[in-house]
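2 protein chains.
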Amino acid sequence: MRVDEASLREDFDALAAIGATPAGGVDRPSFGDAHLAARRWFLERAKAAGLETRVDAAGNHSAVLPANGPTLLLGSHLDSVPDGGRYDGALGVVAALHVLLALQGHDLPLTLEAIDFTDEEGTLVGLLGSEALTGVLSDEVLRNPRGGRDALLAGLERAGLHEEQLRDARRDPTTLAGYVELHIEQGPGLEHAGTQIGIVTGIVGARSFTLDFRGDARHAGTTPMNARRDAGLAAAVFAAAANALVVRDFPGCVATVGDMRFHPGAFNIVPGSVRVSLEFRSLERAQLDALETVLLAEAKAAAKQHALGVDVTPVGHWEPTALDAGVRDAIETAAEGLGLTALELPSGAGHDAQALAGITPSGMIFVPSVGGISHNPSEHTEWEDCVNGANTLLHTALELCRVYAVRGT
Amino acid sequence: MRVDEASLREDFDALAAIGATPAGGVDRPSFGDAHLAARRWFLERAKAAGLETRVDAAGNHSAVLPANGPTLLLGSHLDSVPDGGRYDGALGVVAALHVLLALQGHDLPLTLEAIDFTDEEGTLVGLLGSEALTGVLSDEVLRNPRGGRDALLAGLERAGLHEEQLRDARRDPTTLAGYVELHIEQGPGLEHAGTQIGIVTGIVGARSFTLDFRGDARHAGTTPMNARRDAGLAAAVFAAAANALVVRDFPGCVATVGDMRFHPGAFNIVPGSVRVSLEFRSLERAQLDALETVLLAEAKAAAKQHALGVDVTPVGHWEPTALDAGVRDAIETAAEGLGLTALELPSGAGHDAQALAGITPSGMIFVPSVGGISHNPSEHTEWEDCVNGANTLLHTALELCRVYAVRGT
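So the protein sequences, as listed, match chains A and B.
Numbering (the working numbering) for the first sequence: 1 to 409.
Numbering (the working numbering) for the second sequence: 410 to 818.
These aren't lab readings, by the way, just hints derived from the structure by calculation.
One should not assume that every hint holds.
Claimed, not checked - Examples of chain B residues lying across from chain A (beta carbon under 8 Å, computed):
#1 Val550
#2 Leu551
#3 Val613
#4 Val663
#5 Phe676
#6 Lys713
#7 Gln714
#8 Leu747
Claimed, not checked - To be clear about the criterion: a stretch of chain B counts as covered by chain A if any three or more of its residues have a C-beta under 8 Å from a C-beta of chain A, and this derived list gives those stretches:
#9 509-520
#10 650-658
#11 750-760
Quick caveat: nothing in here was measured; it's all calculated off a predicted structure.
Virtual Cβ for every residue (Gly too), placed ideally from N, Cα, C.
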């Protein structure tokens, strides 16, 4: 059994046209016109095909193929980062829809639900829909949303949603059989390995910090090298050392200095202070702890070496999420059955599966990203890989139905 | 012979009150209200003391003690950087005025002129008055002034000056006997050495460049360390290496990375490009050449090491200026006669003496800056050092008169 490849392509292209950018990507930030139009398209497409539809209190949009058992969720998201690519999120939603279409009329032990989660990318909050559905959406995150309170309230209003009702989207875990998400890898791992399907072992945790190196702003002409407390130098030494240290001692982890802000920031003034944005990720909590210890010690050492101070401020964190072994087995079986090469790999990016994994057996299927590029109009996945991913999603759903039936209802 | 210390203090304080800031500094950018008020004060003070005054076509303000010989200029500037200190420039002007006052009624072989140069600090152009007086003010600098054309034209109008007449301020070098400027050091050299008077050997040259490191902006979670072209890392490695290299191989020179601009500049994106502001200074042209060679090679090596490119753009430069040996001898003699400790040192900052040195024997006297701080409200020089500086200026003028008289008119 296969998804209808021609129809999948037609639907993928129809979706990519909504909010299309001249550079070939899409611009569909949460609750903007293009995003709302994409969601309407999804519901109408499902209805037209004879599927049931639902929209919950958090705005999650679903197409449903009902059966007499609990629900296996298949999904992703239709929002994009500003000036993003056409594959990120959209591929998973349209593939989930086509899994349901392929299985219409079959007698299944599980209800199948193709779901488009609200605001995965974080224009407003990040994982808004999946956190509401899994019951972990916090007051704190709504009070201080990533995109600001005003944007959140305006967005909810545009979508016809109500802040105080968002949590009504919560689902009873006993009604769920699991969650499977097809997504582009957004990294170069599969491409480098020449492998068709990625079986995601888990989603890395991340921690981020602001490091404020504080020296003395001085005249760059009259202050000798040995009389300086150069915050820029300490920040640079830290960034170089942090990179070398992570490459050497933490294989598989990443650490990034994504920004440095120099103050006052002029050719002829020794930098008085520099604000460094540091983030690091690992699949293992113990490694996150170790990274935090050694990187912050390195920052303090760089500051001390240059006779200045450094203030460390935690900015954000999320814990690593292991994905379900049973779902991983089902994905492996599906890929094998389709004659596709597969390998296990972690996800370096966050996904709705992080939230879902907290309440139901969850898994993710990756397909290769050309050049590892994502969040960019030039994001691309070969069409053959998109189809492979959709068929793997289909057979994973079938395998999970089989396992459910064997274990007994 | 000494300057009148009490009167010097009174005048210094009167000047410091014009444009005074709450933090104890002054805010007198060129042709702002406070700057124009300070210049009026200077002319009125000179007139009240019975000195002649003049204002030239570039707005340079002078008090003159006429004699039968060429003119020895003594001066500095009354403009300040925004939110600057009370000593930078003002000390040299008020001390020059008091040298003339101390010598009123004496029979001198040289005309003495206490001069306040227009726009030394560069709110508009930088060294505007001294370059006009020495005939090196270029069309290019007026077309693209540091502060913008609009600010220049508005400033000239406020001061009653005319762009097309600025160059009429040019002085015939044969009418000049030399130039001596008293200034605060703006660096920690004299304080560290515990020395009272600095005899400036020359004014360093400087060159500045923009270095654009160009890599790939990539997802910081999904892009492994070994698959990155991290422009921030290359910039950091360059900044650290450049510093180490200059400290090791170029004693007495300075090199500064005063700014880095990361793009896109987010926690979760590997920096795609970073713009680095690099400046270096030396008293020797050959060393500037060598610094340029090794620092730009280092930038290219850092880029290559991280698999990215770097574009190098020259931004500005000025050549080193040697100060006159005869004037340096006169300063040394003056300090010795006053029982003051003195040492020779270069000036890391630019001064009007750069321009003057092109047409007449020029020298500078430095007095200690507490903590090396300048261009800041906390800029401070002990009053005793200010008086020492003024008396050294007085005796340098007397020594130059003596030498002139001995050599014969």
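Hint by hint, here is what the structure shows:
no.: 1; hint: Val550; verdict: violated, 17 Å
no.: 2; hint: Leu551; verdict: violated, 22 Å
no.: 3; hint: Val613; verdict: holds, 6 Å
no.: 4; hint: Val663; verdict: holds, 6 Å
no.: 5; hint: Phe676; verdict: holds, 5 Å
no.: 6; hint: Lys713; verdict: violated, 15 Å
no.: 7; hint: Gln714; verdict: violated, 11 Å
no.: 8; hint: Leu747; verdict: violated, 25 Å
no.: 9; hint: 509-520; verdict: violated (count 0)
no.: 10; hint: 650-658; verdict: holds (count 3)
no.: 11; hint: 750-760; verdict: holds (count 4)
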